[in-house]
Amino acid sequence: MIVDCAQYSDGVRQDVGPLDISTAAERSRSGNGFVWLGLHAPDEAELKEVEAAFSLHELAVEDAFRAHQRPKLEDYEGNYFVVLKTARYDDEREAVDFGEINLFLGPGYAIAVRHGEASSLNEARRRLESRPDLISVGPAAAAWAILDKVVDDYEPVAEGIDNDISEVEDQVFSGRGDPTERIYFLKREVIDFHRAVRPLIGPLESLESGKVAAVDEQIRRYFRDVADHARRVDEQLHSQRELLTGVLEANLALISLRQSEVVRAISAWAAIIAVPTFIASVYGMNFEYMPELDERAGYPLILGVMVVAVLLLHRFFKRIDWL
Amino acid sequence: MIVDCAQYSDGVRQDVGPLDISTAAERSRSGNGFVWLGLHAPDEAELKEVEAAFSLHELAVEDAFRAHQRPKLEDYEGNYFVVLKTARYDDEREAVDFGEINLFLGPGYAIAVRHGEASSLNEARRRLESRPDLISVGPAAAAWAILDKVVDDYEPVAEGIDNDISEVEDQVFSGRGDPTERIYFLKREVIDFHRAVRPLIGPLESLESGKVAAVDEQIRRYFRDVADHARRVDEQLHSQRELLTGVLEANLALISLRQSEVVRAISAWAAIIAVPTFIASVYGMNFEYMPELDERAGYPLILGVMVVAVLLLHRFFKRIDWL
Amino acid sequence: MIVDCAQYSDGVRQDVGPLDISTAAERSRSGNGFVWLGLHAPDEAELKEVEAAFSLHELAVEDAFRAHQRPKLEDYEGNYFVVLKTARYDDEREAVDFGEINLFLGPGYAIAVRHGEASSLNEARRRLESRPDLISVGPAAAAWAILDKVVDDYEPVAEGIDNDISEVEDQVFSGRGDPTERIYFLKREVIDFHRAVRPLIGPLESLESGKVAAVDEQIRRYFRDVADHARRVDEQLHSQRELLTGVLEANLALISLRQSEVVRAISAWAAIIAVPTFIASVYGMNFEYMPELDERAGYPLILGVMVVAVLLLHRFFKRIDWL
Amino acid sequence: MIVDCAQYSDGVRQDVGPLDISTAAERSRSGNGFVWLGLHAPDEAELKEVEAAFSLHELAVEDAFRAHQRPKLEDYEGNYFVVLKTARYDDEREAVDFGEINLFLGPGYAIAVRHGEASSLNEARRRLESRPDLISVGPAAAAWAILDKVVDDYEPVAEGIDNDISEVEDQVFSGRGDPTERIYFLKREVIDFHRAVRPLIGPLESLESGKVAAVDEQIRRYFRDVADHARRVDEQLHSQRELLTGVLEANLALISLRQSEVVRAISAWAAIIAVPTFIASVYGMNFEYMPELDERAGYPLILGVMVVAVLLLHRFFKRIDWL
Amino acid sequence: MIVDCAQYSDGVRQDVGPLDISTAAERSRSGNGFVWLGLHAPDEAELKEVEAAFSLHELAVEDAFRAHQRPKLEDYEGNYFVVLKTARYDDEREAVDFGEINLFLGPGYAIAVRHGEASSLNEARRRLESRPDLISVGPAAAAWAILDKVVDDYEPVAEGIDNDISEVEDQVFSGRGDPTERIYFLKREVIDFHRAVRPLIGPLESLESGKVAAVDEQIRRYFRDVADHARRVDEQLHSQRELLTGVLEANLALISLRQSEVVRAISAWAAIIAVPTFIASVYGMNFEYMPELDERAGYPLILGVMVVAVLLLHRFFKRIDWL
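Protein chains in written order, with my numbering: chain A, 1 to 323; chain B, 1 to 323; chain C, 1 to 323; chain D, 1 to 323; chain E, 1 to 323.
Since the hints were derived computationally from the structure, they do not count as laboratory data.
One or more hints might be untrue.
Repeated chains share a single entry, so a pair holds when one copy, or any two copies, can fit it.
What the hints assert, rightly or not - List time: in silico SDA-like cross-link candidates among lysine to any residue, alpha-carbon distance up to 20 angstroms: (1) Lys-211 <-> Asp-91; (2) Lys-72 <-> Asp-321; (3) Lys-211 <-> Arg-221; (4) Lys-211 <-> Tyr-76; (5) Lys-72 <-> Ser-239; (6) Lys-211 <-> Glu-74; (7) Lys-318 <-> Arg-93; (8) Lys-318 <-> Ser-120; (9) Lys-318 <-> Arg-176; (10) Lys-318 <-> Gly-116; (11) Lys-48 <-> Asn-163; (12) Lys-211 <-> Asp-133; (13) Lys-72 <-> Asp-294; (14) Lys-48 <-> Arg-93; (15) Lys-211 <-> Ala-268; (16) Lys-48 <-> Phe-98; (17) Lys-318 <-> Glu-94; (18) Lys-318 <-> Glu-92; (19) Lys-211 <-> Gly-11; (20) Lys-211 <-> Glu-58.
This one's a predicted model, so the numbers in the text were calculated from it and none came from an experiment.
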């Protein structure tokens with residue numbers, strides 16, 4: 001599905017509604033600015049049409065159709081194919097929803113194929129349209145706008161995970177409920193998210209350092225800015241993995257410790273009841289000659305002894321902190 | 001055993017049935033296209049014949065006969081020897097079956113020696129035969145077809161392991177049975193599989209980057225595509241190892257936690273029975289003067305006290321969540 | 001807020017009070033020494049004014065305004081933008097307070113934008129003012145003074161953490177209280193602090209090795225000195241992470257061990273009371289013919305037997321070290 | 001002790017019995033083939049004689065005498081000194097016995113000084129003598145023969161460890177005995193063995209890549225073959241370390257799990273006996289009015305109730321899988 | 001404090017007693033051999049004098065005075081400043097005592113500033129004085145003598161730690177006492193020691209590879225020898241860290257296992273006493289009609305039954321290995 005398509009030249013967008021594919025391809029060859037074509041979850045026919053109109057390489061188009069690639073930047077003789085992962089945090093499910101954007105860059109065109117819901121590119125387009133100075137740079141400006149949007153959208157995901165880690169820490173150290181499963185699945189999300197972010201840094205550094213010929217000197221520091229955000233997220237995710245490992249270990253230590261405390265409390269109570277039970281069993285013996293049994297005060301006295309024993313034991317276990 | 005052998009030139013396969021070794025060797029020297037010879041688990045005599053006919057290096061042939069090499073790419077002065085591991089997932093046994101393909105590439109010939117059942121190369125051959133443009137590239141095209149098939153076959157293995165990890169997660173967090181042994185052997189499979197995949201990335205990157213002289217510019221991006229799939233599998237395996245480590249730790253925490261719960265429940269029941277037992281032992285004492293004993297209502301009253309004590313204790317332990 | 005602003009030339013500070021921004025910018029273009037402008041938590045208007053007066057790059061200014069960047073050194077065509085994290089240890093809360101300094105360096109000016117309380121730069125300025133030989137080097141001297149101060153301020157933080165680790169070790173091995181939570185949050189602080197220090201080493205090494213054009217040969221060894229301090233802190237933090245991991249593991253082992261000791265002690269006491277209780281229950285049996293029951297000495301004898309049994313058991317458990 | 005010493009030229013061994021040192025040194029300077037001198041655990045005098053006769057460097061000779069070096073390849077201006085570790089697996093003791101070979105290579109000579117029992121070099125010599133084509137390459141051929149033998153001998157060691165790991169896995173998952181100590185010492189052996197193998201890969205890659213001037217193009221692929229075997233062993237050891245770590249973790253989980261099962265079974269039996277004991281204590285009470293006591297059927301009835309209670313409890317605990 | 005100071009030229013030491021600083025500095029400029037000045041824990045005045053006399057760089061002198069640097073090699077335009085850590089093992093306290101040597105090398109002088117007790121340099125000086133051939137190399141020979149001594153002194157430290165690890169292993173697997181604290185502090189020592197050794201390898205490799213201009217070709221292989229020893233110690237420390245991690249894990253497993261055994265033994269004894277107690281409570285019931293009670297043989301019979309029950313239970317628990 002074509003989301004939007006327009007020619008950008010002389011620093012402004014030239015068209016209001018979306019161009020169709022063949023017009024766009026024609027304009028891209030006019031040598032006047034560039035065309036930005038945005039597709040969302042296109043079907044095979046649409047992609048074939050785009051492939052033919054812009055003479056894209058079959059391997060790149062196949063990747064764009066199948067999606068589920070790893071982030072990468074590939075050079076097809078001056079045309080570039082970029083894959084990047086989009087991410088959105090669903091705080092309810094504590095899960096990261098991933099999407100994918102496939103980007104074709106060539107002289108006169110930038111084609112963005114988006115899969116999944118995250119990181120709608122309308123905002124990226126608006127961001128570009130507000131910067132006439134960058135539009136004049138060519139299709140790399142569109143690439144910048146898209147990468148900037150996608151990487152900016154990583155930050156709320158990392159924040160969301162940070163929040164959940166704080167919650168999990170609370171849960172672990174307050175001893176409320178069992179956070180083991182939550183910690184595990186949070187770590188799983190972090191690992192998956194890291195897998196989406198980390199491989200992008202290489203391509204971004206290629207764009208930043210000018211290894212990619214199509215990228216103008218002027219816009220390279222904008223890519224550096226994006227790369228820097230990606231590196232920040234990468235480092236944050238690295239820390240989060242460490243924290244989640246640490247919190248799981250702390251959790252294990254605390255489970256052991258709490259079991260230990262339970263065992264102590266139980267044992268204290270067992271001792272408290274064992275002593276009067278023993279006393280009672282002594283006076284249940286059937287010896288002929290047991291002087292206490294004949295005393296009128298015997299029974300209340302012994303009950304008193306039991307109570308005192310219980311109280312002393314209770315105080316003792318309180319003092320050694322078992323109760 | 002010769003599986004298939006044919007000459008490829010002018011974009012098409014020239015022969016229907018398999019050529020014999022000497023004819024194949026002769027044709028390979030004709031300067032007209034190349035010969036693709038496929039062998040499966042050949043005996044020593046066959047390999048010696050091939051070695052002589054194509055003047056292969058003894059060390060490479062020895063490796064191809066012994067199999068059990070690590071993935072590698074070796075340069076014998078313009079002839080290349082590639083070792084790669086094939087893999088197939090046996091979901092029943094949760095085990096990866098490995099095989100090996102040894103590939104000799106030289107001017108005019110591509111010889112594939114396959115050991116083990118995984119990754120039959122018929123499909124690779126068909127894939128190549130449907131691409132006349134690639135056939136004209138020479139023997140490197142056969143290498144591409146084989147590598148592409150082998151690496152494509154890695155993906156269902158990684159998927160199978162992913163499924164088993166999900167099952168193991170269910171088992172761990174639902175507390176059904178003990179998944180420790182299963183987790184361990186799954187991790188063992190992942191380690192073994194990773195050992196088959198990881199060393200292949202180096203050779204694939206050599207092919208991709210043009211360090212290998214025999215590889216045409218045009219086909220290098222096809223190798224890049226294969227390398228990219230291998231890198232994806234490598235990253236997936238990396239994550240799987242982390243997940244399996246994590247799930248084993250979570251399992252350990254949950255075992256401790258469940259033991260803790262059992263200890264609490266047991267202790268609660270012990271307390272519930274200890275209290276009436278104590279009461280009974282008190283009225284088993286043989287004191288002369290125990291007024292309760294002489295009351296007609298004494299016995300039913302005490303039974304009632306016992307029942308009430310049990311009910312109160314039960315409610316108490318329910319409330320503190322020990323039962 | 002402008003903290004201080006002065007021109008430095010001919011080895012001395014030229015102005016007493018702070019210059020205003022436009023004067024400072026004018027002087028910076030005079031080719032005579034350089035201007036050091038220090039701002040603390042400036043508002044947007046102030047930064048815009050500085051941006052305009054010194055023709056700074058918008059991306060750098062945006063970073064300086066938003067703060068929360070990772071440490072980095074960026075080259076804007078001969079002008080440099082440096083981000084570094086300041087740190088201060090709050091021993092009370094066992095937490096590191098982070099701040100940030102953004103540094104713009106160009107021909108004739110050094111602008112420091114500080115956020116947060118840590119590492120006030122007055123001292124850095126005084127340090128520079130006492131070194132006329134370095135002032136003549138130009139704005140890089142101001143960069144050195146600031147970096148030197150910031151990295152020097154890392155050392156008390158690392159020391160503070162070292163002290164807390166020693167305290168935690170004491171706590172773990174003496175068995176007083178439960179240090180799990182403290183260890184975890186200490187590790188968290190170390191991870192965060194490491195994230196502030198480690199990325200700074202790259203930029204410092206660029207300054208040290210002369211990759212940054214604006215840095216004079218003479219001052220490079222001063223940057224090497226700073227880089228060396230940063231590397232020391234980095235290695236110290238690395239060790240601290242390992243120690244905290246180790247102390248958590250030791251803690252877990254000791255929790256298990258102490259639980260084990262508690263279980264033994266409890267069991268010993270249970271045995272000590274179970275034996276006389278059993279004896280009493282034997283003499284509570286109602287057999288017609290139990291000769292001991294009729295003996296006058298029976299009761300005291302049995303009480304004696306109970307005492308002896310208790311003493312023997314107690315001694316036994318002492319000897320096998322369960323009590 | 002001189003084990004063997006002969007001159008090799010024109011593709012064949014020239015001498016039957018061992019040459020003495022001075023003759024060997026003279027022949028080595030004849031420019032006709034090379035001399036291979038093999039020593040086993042030589043005393044200082046012998047080494048001094050060899051040092052003088054072949055003008056070896058004192059530092060290398062000192063290393064060869066002291067043994068206990070790490071594997072390395074050192075260049076003494078066109079003469080080379082190689083240290084490598086030999087290994088032999090003693091399956092009885094589950095221990096690796098290490099030895100050391102010090103190799104001096106120079107124009108016209110190869111001197112092997114062997115310490116320890118493993119990897120006798122007679123076989124290496126025979127291997128070389130069967131390859132006239134390699135003999136003509138010069139002393140590097142002797143180096144190849146020795147390295148090939150030593151690295152080949154690593155494989156049974158790694159196999160032996162693999163077998164022991166399988167045994168340990170059986171032991172862990174069947175729950176027979178406690179394999180903790182065995183796992184630990186196995187891991188220790190793997191770490192030691194890895195320390196012998198890993199540093200050898202660098203020198204082998206130097207030989208393979210032609211960084212060592214004395215090594216002929218023709219023989220470099222034989223070194224590549226040896227390097228490849230060493231890399232395989234290295235990767236295998238890497239996996240073994242991971243497996244042993246994993247098996248220790250699994251072992252810990254299973255110890256916890258089995259303790260948990262024991263606690264459940266014990267608790268079930270405690271409950272089974274506590275209930276009839278409680279019933280008996282009730283009828284041991286001395287109330288005047290307890291109608292059951294006067295019934296003739298009371299006693300057998302109560303015994304029956306006890307039996308039924310025991311049977312029901314037993315069935316219940318069977319069903320919840322505690323017994 | 002000046003420990004010793006002498007001029008070395010023409011292969012021999014020229015002076016008997018220590019020269020004073022100004023004479024030494026003068027001689028160092030004579031172009032005749034070099035001066036080796038050794039200081040131990042100098043005060044600020046002494047260092048200032050040396051700084052002035054030899055025109056040392058202020059930053060290096062400041063480092064040498066403050067000590068507590070990390071090992072490094074710094075180039076001050078043809079003068080070199082080396083920091084290295086000395087170590088000595090105090091087996092009593094199982095602690096490594098660290099010292100520091102700061103070395104200034106320049107044309108005509110080598111100045112060693114030593115802090116701490118470890119690695120007295122008298123021996124290094126004697127080692128150099130016995131090698132006229134090396135003396136003629138210049139000040140680098142003094143550097144070699146010092147580095148060789150310091151690194152040689154690392155080996156007994158590593159040995160001492162190895163011994164303590166063996167002792168700890170014995171303790172863990174024999175179950176005597178609790179080695180947790182000892183393991184932890186041993187690991188702490190290894191981490192600290194590693195931090196002293198590892199950063200030295202880089203500088204040593206610079207000396208070995210000739211990156212340092214002042215180092216003569218002839219002496220570089222002596223530095224290679226030192227570097228090699230340092231690498232050996234580094235690898236040994238790496239293994240020791242792994243072993244200590246492993247031994248702590250094994251310790252944890254064994255604590256769990258032993259707790260498990262204790263729980264079983266306790267439970268067995270509890271069962272052994274619970275059964276006769278139950279029997280006694282049955283015959284403590286007050287039923288009118290309990291025929292056994294009236295039998296004369298009843299009491300001894302029941303005592304016999306109790307004994308038999310105890311014996312059978314004991315045998316049973318022996319057989320299932322709980323006792």
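Do the hints match the structure? See the list:
Taking the shortest alpha-carbon separations for Lys-211 and Asp-91, neither the intra-copy value of 38 angstroms nor the inter-copy value of 45 angstroms comes in at or below 20 angstroms. In this assembly of identical chains, Lys-72 and Asp-321 lie within 20 angstroms of each other by CA distance neither inside one copy nor across copies; the values are 60 angstroms within and 52 angstroms between. For a Cα distance limit of 20 angstroms, the shortest separation of Lys-211 from Arg-221 qualifies both inside one copy, at 13 angstroms, and across copies, at 18 angstroms. For the identical chains of this complex, Lys-211 and Tyr-76 are neighbours both inside a copy (14 angstroms) and across copies (18 angstroms), given an alpha-carbon limit of 20 angstroms.
For the identical chains of this complex, Lys-72 and Ser-239 are inter-copy neighbours only, at 18 angstroms across copies versus 24 angstroms inside a copy, given an alpha-carbon limit of 20 angstroms. With identical chains, the CA atoms of Lys-211 and Glu-74 are at most 20 angstroms apart both within one copy (12 angstroms) and between copies (17 angstroms). Proximity of Lys-318 to Arg-93 under the C-alpha cut-off of 20 angstroms is found in neither arrangement, the shortest distances being 44 angstroms within a copy and 30 angstroms between copies. In this homomeric assembly, Lys-318 and Ser-120 never come within 20 angstroms of each other (Cα to Cα): the closest approach is 62 angstroms inside a single copy and 51 angstroms across copies.
In the homo-oligomer, the alpha carbons of Lys-318 and Arg-176 lie at most 20 angstroms apart only across protomers (16 angstroms), although the nearest pairing inside one protomer, at 24 angstroms, exceeds that limit. Taking the shortest alpha-carbon separations for Lys-318 and Gly-116, neither the intra-copy value of 60 angstroms nor the inter-copy value of 47 angstroms comes in at or below 20 angstroms. Within a single copy, Lys-48 and Asn-163 get their C-alpha atoms no closer than 44 angstroms, and across copies no closer than 33 angstroms, so neither meets the 20 angstroms cut-off. Proximity of Lys-211 to Asp-133 under the C-alpha cut-off of 20 angstroms is found in neither arrangement, the shortest distances being 22 angstroms within a copy and 30 angstroms between copies.
In this homomeric assembly, Lys-72 and Asp-294 never come within 20 angstroms of each other (Cα to Cα): the closest approach is 96 angstroms inside a single copy and 92 angstroms across copies. Taking the closest pair of Cα atoms, Lys-48 and Arg-93 never come within 20 angstroms of each other, the shortest separation being 37 angstroms inside a single copy and 42 angstroms across copies. For the homomeric pair Lys-211 and Ala-268, neither the shortest alpha-carbon distance inside one copy (72 angstroms) nor that between copies (70 angstroms) is at most 20 angstroms. For a Cα distance limit of 20 angstroms, the shortest separation of Lys-48 from Phe-98 qualifies neither inside one copy, at 25 angstroms, nor across copies, at 38 angstroms.
Taking the shortest alpha-carbon separations for Lys-318 and Glu-94, neither the intra-copy value of 42 angstroms nor the inter-copy value of 31 angstroms comes in at or below 20 angstroms. For the homomeric pair Lys-318 and Glu-92, neither the shortest alpha-carbon distance inside one copy (43 angstroms) nor that between copies (30 angstroms) is at most 20 angstroms. Taking the shortest alpha-carbon separations for Lys-211 and Gly-11, neither the intra-copy value of 26 angstroms nor the inter-copy value of 36 angstroms comes in at or below 20 angstroms. In this homomeric assembly, Lys-211 and Glu-58 never come within 20 angstroms of each other (Cα to Cα): the closest approach is 24 angstroms inside a single copy and 24 angstroms across copies.
Of the numbered hints stated above, those contradicted by the structure are hints 1, 2, 7, 8, 10, 11, 12, 13, 14, 15, 16, 17, 18, 19 and 20, listed in ascending order.
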